[in-house]
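2 protein chains.
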Amino acid sequence: MGIEIERRFLVRGDDWRHAVTGERRLRQGYLAREDGVAVRLRVAGGAARLTIKGRGGVARPEYEYDLPLAEAEEMLTTLCSGRSIAKTRHLVPYEGLTWEVDVFEGPLAGLVIAEIELPSPDHPVGLPSWAGQEITGDARYSNAVLASAKAPPRG
Amino acid sequence: MGIEIERRFLVRGDDWRHAVTGERRLRQGYLAREDGVAVRLRVAGGAARLTIKGRGGVARPEYEYDLPLAEAEEMLTTLCSGRSIAKTRHLVPYEGLTWEVDVFEGPLAGLVIAEIELPSPDHPVGLPSWAGQEITGDARYSNAVLASAKAPPRG
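Heads up: the protein sequence lines correspond to chains F and A, in order. Going by the UniProt record's numbering, the first residue of the first sequence is number 1, and it counts up by one from there. Going by the UniProt record's numbering, the first residue of the second sequence is number 1, and it counts up by one from there.
It is possible that part of the hints are untrue.
What the hints assert, rightly or not - Straight-line distance between alpha carbons at most 20 Å, and here's what the computed DMTMM-like set of lysine to aspartate or glutamate pairs gives:
1. LYS150/F with ASP35/A
2. LYS150/A with GLU71/A
3. LYS150/A with ASP138/A
4. LYS150/A with GLU105/A
5. LYS150/F with GLU105/F
6. LYS150/A with ASP35/F
7. LYS150/A with GLU34/F
8. LYS150/F with GLU34/A
9. LYS150/F with ASP138/F
10. LYS150/F with ASP102/F
Simulated from the structure, these hints should not be mistaken for lab results.
Required output: the full structure, derived from the provided sequences and hints.
Here it is as structure tokens:
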């Protein structure tokens, strides 16, 4: 098991764009979510992965396994319908850490979320100017909830 | 993807026991169940497997992947609590097919279910005398529902 330690923020403006060092499109869907456990499929860059996330706020247990791409694509279509997301993830280095800035598509267009993974929950984080309201632990903004949403949440 | 084609029956009496050719204890738990999709962990005979089952009655899409045993054991305890089952599965050959007779433990003690996998939904099945009420497609008896039950369903 890994533990994912992560803080999340809404993004203000476009000032992060000039610092992007890489990007890739992600498609992900939820096979099932129950009682704080989420089982996610993600397809990106020709590879597929299954991620099992347990309950938690900043720190969350996480198990990851590679999957055959064709089967993952099939499950995304047949088993995750109505519970999926497409977004482009941008890598943005800032003060020695790499932020991930996710620009959502489809019904979530307009939503931009920045995530930062930390080595420990109390690790100090310098906040870039474009990091807005913190949404760590805010269930409305969890990817699992967003995947079923018909529009971005209203702050 | 595989398709699991299966019929299921309650078991009457013990007449199947003399014909048992093998048995093994299974522990299984549900990571999450949503909208007819179930993600199951199973540990048996020192091996672990993740199974993703889609919606369906007699025929159900099914994807299976091997998992590291230690991680599966950990997830069974931490992520599947309140959603797990222990049972002993007995193999019982009858008229050229092999039935699986599951004797449940714990809160489901007393429940015995026979399952038969078929090559096609309309494949003829000779029913042994100990096969009682058919429960194919009866949600109350699905393993996913039984895993959260506090007692066997009442017929």
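Do the hints match the structure? See the list:
1. LYS150/F with ASP35/A: Holds, at roughly 18 Å.
2. LYS150/A with GLU71/A: The given pair, whose Cα atoms are some 26 Å apart, is violated under the 20 Å limit.
3. LYS150/A with ASP138/A: holds (17 Å)
4. LYS150/A with GLU105/A: holds (11 Å)
5. LYS150/F with GLU105/F: holds (11 Å)
6. LYS150/A with ASP35/F: The given pair, whose Cα atoms are some 18 Å apart, holds under the 20 Å limit.
7. LYS150/A with GLU34/F: holds (18 Å)
8. LYS150/F with GLU34/A: holds (18 Å)
9. LYS150/F with ASP138/F: Since the Cα atoms of LYS150/F and ASP138/F sit roughly 17 Å apart, the hinted pair holds (cutoff 20 Å).
10. LYS150/F with ASP102/F: holds (17 Å)
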